[in-house]
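Novice: Those sequence lines, one after another, are chains A and B.
Residue 0 is where the first sequence starts when you use numbering that gives the first Met the number 0, and the numbers rise one by one after that.
Residue 0 is where the second sequence starts when you use numbering that gives the first Met the number 0, and the numbers rise one by one after that.
Any given hint could be a false lead.
What the hints assert, rightly or not - With a straight-line Cα cutoff of 30 Å, these simulated BS3-like cross-link-like pairs (lysine-lysine) come out:
| hint | chain 1 | residue 1 | chain 2 | residue 2 |
| --- | --- | --- | --- | --- |
| 1 | A | Lys261 | B | Lys300 |
| 2 | B | Lys287 | A | Lys152 |
| 3 | A | Lys370 | A | Lys347 |
| 4 | B | Lys300 | B | Lys287 |
| 5 | A | Lys152 | A | Lys78 |
| 6 | B | Lys470 | A | Lys176 |
| 7 | B | Lys445 | A | Lys206 |
| 8 | A | Lys78 | B | Lys287 |
| 9 | B | Lys236 | B | Lys216 |
No wet-lab data here; the hints were simulated from the structure.
The lines below spell out each chain.
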Amino acid sequence: MTDLVIIGGGPAGMSAALAAYEQGIRDILILERDSSLGGILQQCIHNGFGLHKFGEELTGPEYAWRYEEKVRALNIPCKLNTMVLDISDQKVITATNREDGIFQIRARAIILAMGCRERPRGALNIAGARPAGIFSAGTAQKLINMEGYLPGKEVVILGSGDIGLIMARRMTLEGAKVHAVCELMPYSGGLARNIQQCLHDFEIPLKLSHTVVEIHGRERLEGVTIAKVGGDRRPIPGTEEHIPCDTLLLSVGLIPENEISKSAGIDLDPITGGAVVDQDRQTSCQGIFACGNVLHVHDLVDYVSDEAELAGKSAAAYLQGASAPACSISLKTGNLVRYTVPQVITEKKPVTVYFRVADVRRKVQVQVWSKDRLLYSKKKASVAPGEMEALALSAEILDDVTALTISIKEEQA
Amino acid sequence: MFDVAIIGAGVVGGMIARELAAYDLKICILEKENDVAMGATKANSAIVHAGFDAKCGSLKARLNVEGSKKMAQVASELGVKYQNNGSLVIGFDEADREALQELLERGNQNGVEGLRLLEQEEVLAMEPNLSSAVTCALYAPTGAIICPYELTVAAIGNAMDNGAELKRNFKVTAIGQEDDHYILFSSMDSVRARYIVNAAGVYSDQIAALAGDESFKITPRRGEYILLDKECGGLVKNTIFRTPSAKGKGILVSPTVDGNLLTGPTAVNIEDKTDKTTTAEGLAQVMKEAIENVPSIPYGKSITSFCGLRAAGDTGDFIINSPRPGFINAAGIESPGLSASPAIARMVKDLLAEQGLELNEKTNYNPLRPAMHHFRETSLEEKNAIIQKDPAYGQIICRCEGITEGEIRAAIRTEPKPMDLDGIKRRTRAQMGRCQGGFCSPLILKILAEELHLPIEKITKSGGASRMIAKAIKED
Ligand SMILES: Cc1cc2nc3c(=O)[nH]c(=O)nc-3n(C[C@H](O)[C@H](O)[C@H](O)COP(=O)(O)OP(=O)(O)OC[C@H]3O[C@@H](n4cnc5c(N)ncnc54)[C@H](O)[C@@H]3O)c2cc1C
C-alpha cells in the first residue's frame, strides 16, 4: 500500500508531489512512462515558460528542471519507463516496465497528471491520399528537438494553436520553408506573443478562416489544397488554392489523455475531456485527484503548476483525514462559456473558477447567477477562447445557493 | 527454377501459396510493393460473408459458401483473429421485405445455413442501437469478421515457413517463355517458373495480357471507409447491411475483430488503378448512410478514413481459369473474395493439377503458425514470465493499443518481415490506435532502423519514396 501515487512526471505530477511532500506526506511514488521526468516540456526548447511563476523567461527543460531538482533533492521515489495500464475504482494501479514486469500497486490516494495528446488527422477526415509526410505538430517537435531529425523541408501547418506557431518558427530555423499556417477559425487560438514572434517575425503567412481540403501525393506528400471557409466553417467552393509541400503539420487540438481514468469509472466532462472535479481537484472517485493538462488543456505551464500544487495539497489533506464534503454546488455554463473548472464546489470557502469562452468578444461583463439572481458582475475589455479566464469567488457568494451559472454578458455584439 | 510463381501477395495469392506449400514444390510469390497485403486486401470490409448475396450457380456463390465454411479453421491454424458475429441485412419498408425474402431464398439455394427473417421487435432486441425505423431483417448466423491483412501476413508467413519464397518490389512487367517454362521479368530482375498464377488483383487484366490473354478487363471501383475509436466498437454486435437496391449495396456498419467500428464502403468506378484517395463527397456519403442505419454513431470519434479498390471484372463473376497451358488466372476477385479465398486456393490447386503439376505432400509440412497477438492475450503470470526472459516485453511503445517493444521486435524478425512503418502497423497494430502513431512512430522509426541496420532517413512509411525524415540535423 502506498499513500500517494502520482501518474505522470511532467510539471503537473512533479508540482503535485512537491506540494504533498510539503504537507507532510512521505510515502509518495511518481510513475512516468518516459525515460526522464519533465513530460512534454522536455521537447519545448523555446523560451517563454515561467514568467508568472518565477518572473523570468525559461525554456521548457529549464522550467522542468526547477521542479525535478527539488524532487531529486527530497528523494521522492519515481519509476521511469513505466506505463500505467489501468486504475481500478479500488485505487489499484496496474503498470508495466522492463524490470518489474507487470505489477500492481494499491494506493490510498492517486493524482492523475498524464497530460494530453494531439488530435490526429483521422479526427478531421481530410480527403485525399495517405502519403508519408503528415505529422502532428508535437510529433514533428519531438523528431527535431529530441531525436535530431528534420521531417521535411516544404511545410504547411494546419492549426494556429501555440504548438503550431512554435513549430512554424522551429522548422524555419532548421532551414525548412513554411508556406502557410492555416486556421479554420477567424482568429488564432495561440497566444498573441507567439503570433508575433513565430509568424510575423519570419514573414510566415497566417491564413485565418482557411482549412486543408485535400491531400496529394502517393508516397511522400506532394501538396495540399487549402480553401477559405465561411461562417459555417465549411469550405467555400471556388476559393481552393494548391500549395506544393512535402510536409503537413497538424496542430488541431489537444485531448486530455484519460483512457485510464475511464477504467477507474471517473466521471468525465464531455467538453474538457478531463475529469469532473471539485474546488480541491478531487474527481468523482474519492481520493483520486486530477491536475494539469489531463484535467483541461492549459495555455501556460505556470497555471499547470498552480493547479497541481492545489491537487497535491488536497490529496495530502485527504490522506490526513480531512472532513467529508460540506455541500454540493454545481457550476453551470451560461452564455458563451464553454466550460468551468471546477465543475462542482463542496466547501464554502473562497475559490477561483477557471473557464473558457466559445468565441472572441470585446467589452463584456463576466457574471455569476443563482437562478435569476445576479450575484456578481465584472467588466472585462475582451475575452477569447485562447485565453483561460480566472474568476475569484468569495465564500459569501456560496451562501444559500445550490447552483451557480457563469455567463458572459455582451455589451456589444 | 520455381515450380510455381504466384503474382500478387494479396489474400488470394497468399492463400494459394499456403495451399501449395503443403506439397513438394518450389514456390515464389512476386509482389510489386514493399510488403504483402498492399492491394484490396488491406482496405476492405473485412467480412466473411455468409454467401446469400451472389447469383445462384456462380463461382462467387459456390466459392463464398465453401470458403466461409473453411475460414474458422484456417484462422485458428494461422493464429488469426476471427469472430463469428453474424450478419443482419436490415429493411425499412415493404420493397425491402420483398428483396430480403428473395435474398433468403437465394441464400438457401446457395447452401447458406441458418438464414432467418426477423421482425422489428426481434431485430431491435438483438441490436438496440439500430434505427427504430427498421421493420425487418435477414439474419445470417454464419456471417463473420476477420482481419484481412493479418490473415494474409499469416498465410504468407506460414507458406514461407514451409519453404515458399517472397520477392518484394518485384513488379512483373513482361512474361516470356523458354522451353518448358516461363520467365517473369521485373525492371531489374527475372524469375523462371513452370507455372504461373495470376493473383494480381486490380492489375490481373494487365498480367493476363502479358501472357496473351485479353479476354477480360478490370475496372477499379473505389470504396471509402471511416473507422472509429474502440469506444464505439460495441454499438453493434452483428455486421449491419442495408437491403441491396438498384442504388447498390449501401453502407455497412460493423465491429472489427480488433474492437473498432467500421463504416463504409462507397462504390464508384474510376479509371486510375493507383488512385486510393478518399473524397469529401465519399466520406460524407459514408457518414450520412451509416447514420440512417445506426443513428448514434459518434463521428467525432473517427480515427482514420481510407479507400480500397475493388477489382471489378467485366464478366460479372470471378475469373478463375487457364487461358494457356501452365498459366492460371485468379482474377476479378472482388467481394466476396476474402471470404472465398480458401476455396479459390483449393480451386487453383486443382486447376494446376489438371495442367500437369505434380502434387506430392510434404512430410514435414506444418499448417500452424503461432498467433502474433499471443502476448496480448496471455495471462498476467505468463506475460511476466515472458518479460523476465525478454524485458522488452515490459516496455510499452504504442500506448493506445498497448503494444510492447518485444512484440514489435518479434514482428520485425518474423516472416514476412515488415520493412516499413505501415508493415509494423499491420502486424502489431502499433500506430493504429486513437492517436494514429503520434506518440509511437518516432520510437518505432528507431527500432526499425536498428533492426534493419539502416539509417533512420532511409526508413519509409510504406516503401518507395515514402521517406519519413528529410535529413538528420544533429551532429554526432
Ligand atoms: C471496398 C472493398 C470491400 C470489400 N469487402 C469485402 C468483404 O467484406 N468480404 C470479402 O470477402 N471480400 C471483400 N472485398 C474483396 C476482397 O477484398 C478482395 O476480393 C481480395 O482482397 C482480393 O485479393 P487479391 O489478392 O485478389 O487482390 P489484392 O489484395 O489487390 O492483391 C493483388 C496483389 O498483386 C500485386 N500486384 C499487382 N500487379 C503486380 C505486378 N505486376 N507484379 C507483382 N505484383 C503485382 C499487388 O500489389 C497486390 O499486392 C472487398 C474489396 C473492396 C475493395
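Novice: None of the hints should be skipped; say for each whether it holds.
Specialist: A quick look at each hint next to the structure:
Among the hinted pairs, lysine 261(A) with lysine 300(B) is consistent with the structure: their alpha-carbon atoms are about 16 Å apart, no more than 30 Å. Between lysine 287(B) and lysine 152(A), the direct Cα distance comes to roughly 38 Å. Violation of the 30 Å bound is thereby established for this hinted pair. A threshold of 30 Å between alpha carbons decides the hint, and for lysine 370(A) with lysine 347(A) the separation of about 18 Å falls inside it, so the pair holds. Simply put, lysine 300(B) and lysine 287(B) have alpha-carbon atoms about 15 Å apart, close enough for the 30 Å limit, and the pair holds.
The hinted pair formed by lysine 152(A) and lysine 78(A) fails the criterion: a straight-line CA distance of about 38 Å is larger than 30 Å. Between lysine 470(B) and lysine 176(A) the alpha-carbon distance is near 14 Å, which keeps this suggested pair within the 30 Å criterion. Simply put, lysine 445(B) and lysine 206(A) have alpha-carbon atoms about 35 Å apart, too far for the 30 Å limit, and the pair is violated. Distance restraint check for lysine 78(A) and lysine 287(B): the Cα-Cα separation of roughly 48 Å exceeds the 30 Å cut-off, and the hinted pair is therefore not satisfied.
Proximity of lysine 236(B) to lysine 216(B) is assessed by CA-CA distance (about 38 Å); at most 30 Å being required, the pair is judged violated.
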